[in-house]
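Enquirer: Chains as they are written, first to last, in the numbering used here: chain A, 1 to 114; chain B, 115 to 227.
Source of the hints: derived by calculation from the structure; they are not laboratory data.
One or more of the hints may lead you astray.
Unchecked claim - Negatives, chain B to chain A, calculated, CB over 12 Å:
| id | residue |
| --- | --- |
| 1 | Glu-129 |
| 2 | Glu-131 |
| 3 | Lys-140 |
| 4 | Gln-151 |
| 5 | Arg-155 |
| 6 | Leu-162 |
| 7 | Ala-204 |
| 8 | Thr-216 |
| 9 | Glu-219 |
To be verified - One side of the interface only, derived from the structure: several residues of chain B facing chain A at Cβ under 7 Å:
| id | residue |
| --- | --- |
| 10 | Phe-202 |
| 11 | Phe-217 |
| 12 | Gly-218 |
| 13 | Gln-222 |
Bear in mind the structure is a predicted one, so any value in this text is a computation, not a measurement.
Even glycine gets a Cβ: it sits at the ideal position worked out from N, Cα and C.
Spelled out, the chains give:
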Amino acid sequence: ETGVTQSPTHLIKTRGQQVTLRCSSQSGHNTVSWYQQALGQGPQFIFQYYREEENGRGNFPPRFSGLQFPNYSSELNVNALELDDSALYLCASSLGWGFDYEQYFGPGTRLTVT
Amino acid sequence: SQQGEEDPQALSIQEGENATMNCSYKTSINNLQWYRQNSGRGLVHLILIRSNEREKHSGRLRVTLDTSKKSSSLLITASRAADTASYFCAKLGRETSGSRLTFGEGTQLTVNP
């Protein structure tokens, strides 16, 4: 176990709805990254937060947004859900955002959009 | 787009055999990391190898890196049924800021008892 927790474990939403996913980082970690993993694919980077500021963003539309709180936990919000948003959403925390910091992943949230 | 490409996509072996998975990448890297994922769950970090390193070991795992060929390999020796999982390589590129990992599509390893 990495100490990174995510909630909920699973959820089902309807196209057009909005969803919020939560991530609690490992103690002492100030950086959280979010990834989307479609079935049969490798994870793709959505964005990263460092000390409550966005610190890099992947090729995802603005309807994917995030927050990081003073305790370094984080939220991923997705508006106007589309069927292609169905995926496993992974968050990872790390001690920093430099090159040598390992990322510790949570168990993921499985989102199904119908 | 995925930068790392794992080969093979799927590998099935018998318990006790060795398993070798390969990863290629296109642009320069700062380091390359290998992860394991059990059946659609979270990723478990296995090994990080830096661009100035050629080989690293961790228990039954051995990772090599050849920057001239832009490739890496993961060797699992004396495999066990519990090693059945998907294995991903992920690169941390010099062209990107922060610690953005770029993953390949993974190798599905099945170890038959």
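Enquirer: Now tell me if each hint is right for this structure.
Expert: Results for each hint:
Residue-level check passed: Glu-129(B) sits 25 Å from the nearest beta carbon of chain A, beyond 12 Å. Interface exclusion of Glu-131(B) from chain A stands, the closest Cβ pair being 25 Å apart, more than 12 Å. Every C-beta of chain A lies more than 12 Å from that of Lys-140(B), the closest at about 15 Å, which supports listing it as non-interface. Listed as a non-interface residue, Gln-151(B) fails to keep its Cβ farther than 12 Å from every Cβ of chain A; the least gap is roughly 9 Å.
A cut-off of 12 Å between C-beta atoms contradicts the statement that Arg-155(B) is not in contact with chain A; the least separation is 6 Å. Remark: the non-interface label on Leu-162(B) conflicts with the geometry, its nearest Cβ contact in chain A lying 6 Å away (cut-off 12 Å). Distance check on Ala-204(B): its Cβ comes as close as 8 Å (rounded) to a Cβ of chain A, failing to clear the 12 Å threshold; non-interface status is violated. A cut-off of 12 Å between C-beta atoms contradicts the statement that Thr-216(B) is not in contact with chain A; the least separation is 7 Å.
With a cut of 12 Å on Cβ distances, Glu-219(B) falls inside the contact zone with chain A, its closest approach being about 5 Å. Restraint check, Phe-202(B) versus chain A: the minimum CB separation of about 5 Å is within 7 Å; hint holds. Taking 7 Å as the C-beta cut-off, the interface hint given for Phe-217(B) holds, the closest approach to chain A being about 3 Å. Taking 7 Å as the C-beta contact cut-off toward chain A, the hint placing Gly-218(B) at the interface holds, the least distance being around 5 Å.
Interface restraint check for Gln-222(B): the shortest CB-CB distance to chain A comes to about 9 Å, outside 7 Å, so the restraint is violated.
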